[in-house]
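Colleague: What follows is the residue order along each chain.
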Amino acid sequence: MNTESGPGGASKTVLDVKNLSVDINVPAGTLHAVDKISFHVDEGETLCIVGESGCGKSITSLAIMDLLPGRASLTADTLMLEQENLLVISKKEFAALRGNRMGMIFQDPMTSLNPVYRIGDQMEEVFIHHGKGRRKEARERAEYLLDKVGITAARSRLVQYPHQLSGGLRQRVMIAMTLMCGPTLVIADEPTTALDVTIQAQILILLKDLQKEFNMAMVFITHDLGVVARIADRVAVMYAGSFVETGTAQEVFEKPIHPYTQGLMACIPVPGSVTSGERLGSIRGLVPALVGDLEGCMFRNRCDSVHKACETGYVGLNALSEGRGYRCRMSVQECIDAGTGNLLTTGV
Amino acid sequence: MMNDAVQTMGAAGAQPGSEAPMLECRGVGRNFTVGKGFFSEKKNLRAVQDVNLSVKRGEVLAVVGESGCGKTTLAKMMLGLLKPSSGEIFIEGVPISNVDIRQIARKVQPVFQDPYSSLNPRKTLESIMSLPLKVHNIGTKEERRQMVEDIMAMVELPKRLIHSYPNQLSGGQRQRVAVARALIMKPEVILCDEPTSALDVSVQAHILNMLQDLRDEMNLTYVFISHDLAVVEHLADNVAVMYLGRLIEYGDKKDIFSNPQHPYSQALLDSVLTPDPSKGIPEIALGRGFPNPLDPPTGCSFHPRCAKIMDNCSVDNPSMHDLGSRKVECHLHS
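If you read the protein sequences in the order shown, they are chains A and B. Residues in the first sequence are numbered from 1109 upward in steps of one, following our numbering. Residues in the second sequence are numbered from 252 upward in steps of one, following our numbering.
You may find that some hints are simply not true.
If you anchor each label on the Cβ, the simulated ranges turn out as follows [as the list claims (entries may be wrong)]:
#, chain 1, residue 1, chain 2, residue 2, range
1, A, Glu1386, B, Met571, 45 to 53 Å
2, B, Asn568, A, Asp1412, 52 to 60 Å
3, B, Gly575, A, Ala1427, 54 to 62 Å
4, B, Ala558, A, Gly1385, 45 to 53 Å
5, A, Phe1202, B, Ser565, 50 to 58 Å
6, A, Tyr1252, B, Ala558, 25 to 33 Å
7, A, Lys1240, B, Ala558, 38 to 46 Å
8, A, Gly1393, B, Asn282, 47 to 55 Å
9, B, Pro548, A, Gly1385, 51 to 59 Å
10, B, Asn568, A, Glu1386, 40 to 48 Å
If you are wondering where the hints come from, they were derived from the structure by calculation, not from laboratory data. We treat Cβ as the ideally placed atom computed from N, Cα and C, and that holds for glycine.
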């Protein structure tokens, strides 16, 4: 598992996470929302965490930002933002990092902007709060960034309220606000899900351009495989609180190994390669409840190649190479053979 | 008079080879009056303008477009929930403006986007699914129970859930309940307004497969409203592209997807992100601003965002041009 976080090489590692777990106390017991995940993001790199609702991807992002609800408890071996050990710093020190060196873009710009404050005031607040300068400098920075994210007539927009902007513009404002203090790490939690497809493409291009310009590390959380394929450098597929497959975008999309990843790929209609009108592949069953003591492979109740061995023990990540791994008891070849078998029987 | 119309509706449905399309819109438009402020003048919002389309029995028509383009207003008119300001909608050749809404409901049923808000949380699945039967006074209590059980089998819901409440179900199961409720009256047309956009991809695949199976089994006609063009490509026979209340391209799906003629359809198709990591993010030749529908641009309403703008686009209204298998409203084809 340690092979996932490399020595760094040429580019600097911005975020390094090892064996991060989040447990939440619920009336029925302990809910293991995130179970021993490890990853790292380098400067100028995009890591996509992809998974379905309830798989723990949003909890992961909240854990990194120290925004977990009170009932949740976090454990990790390593949680480093550059040279800063996030596990030992105080609440106050963390607050000084949040919005400053690490920024977050949320899914719904309608609810994440304060409706009763002008856009300019909301943007400047972060800047002034973190002591980056006075109001005049803050205003200049806000204007500069609004222009950067493609909002014309930035000066007049600063005095507007969120409700006066369209969804696409609001998301641009959110992105500009995140960049106010020049963060080294940006966590984007489904930033384009609430937007139209045409606007989505524009926002993705914008994020990519800004990332290049400011050399930010980005953790991009989404459930949309199309978005992942186009924006990710590396991909982590998350299921039931743990990463079931990791690798570069190329590797994961061209040769998915884990049965869950293969299932996901078969589920989506792809113009051009899936004949229209034919049945789509599907994954049977439901996501298991993650409460109590968990044993074995979490995907076994939905897997077509389940064995006796899948029910017990801890299934770890089989590392194939630097950053490439999958979490299954079967060998790579067995996984792939089983996958094509499934595809044949479902007629895809 | 109402009864006459009702009878004709029934009669037309009985003839299998009847020429009249299942659902037809002729010049349908809808205006809303919007008050901008307490003292300011009321304004006229033309949500849908001059829409002409027809859907044959067993066909799947997809309506696509950005949010705010009038898709849902059109759907509401097809359901008889809104009266068109102009034009007329026909079901099997019968105009629906004089028909009782309950009679329309026997022919056209909706499935909504969000199964978390479209089901009453205080009712059991049985009472949710049997409500249409009660409203139409069909069967005794026992017969209704039987019909609910049959329909549950059809949408692959386990029988034991019959006394459950919606909050005990997963998103996919809820959407199955919504489909079952729509199907229990044995309608001819199902109007799906973004039926899978609130669901995860693995669940979406189940629901799409089910909708296709049901279409074959019950010879249903679908009007499918969606912004997910990959899903549209997968399901639809015909596609209607809407922009700012107008139908700008309408016709055979294969033709539109392989060779879109309207610059807006082109941009919309370019923005589909297929899971192919070798391709980058598409650069879309489309300006940013969705125009204010209260103050639409002159001439062609798409011209401020159009990549192929010509001199007359901002002046003249384009008209619908027939290109054989499809129609396009653009000056490029005049």
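Colleague: For every hint, state whether the structure bears it out.
Modeller: Evaluated hints:
no.: 1; hint: A/Glu1386 <-> B/Met571: 45 to 53 Å; in the structure: 33 Å, violated
no.: 2; hint: B/Asn568 <-> A/Asp1412: 52 to 60 Å; in the structure: 57 Å, holds
no.: 3; hint: B/Gly575 <-> A/Ala1427: 54 to 62 Å; in the structure: 57 Å, holds
no.: 4; hint: B/Ala558 <-> A/Gly1385: 45 to 53 Å; in the structure: 32 Å, violated
no.: 5; hint: A/Phe1202 <-> B/Ser565: 50 to 58 Å; in the structure: 54 Å, holds
no.: 6; hint: A/Tyr1252 <-> B/Ala558: 25 to 33 Å; in the structure: 29 Å, holds
no.: 7; hint: A/Lys1240 <-> B/Ala558: 38 to 46 Å; in the structure: 40 Å, holds
no.: 8; hint: A/Gly1393 <-> B/Asn282: 47 to 55 Å; in the structure: 49 Å, holds
no.: 9; hint: B/Pro548 <-> A/Gly1385: 51 to 59 Å; in the structure: 38 Å, violated
no.: 10; hint: B/Asn568 <-> A/Glu1386: 40 to 48 Å; in the structure: 41 Å, holds
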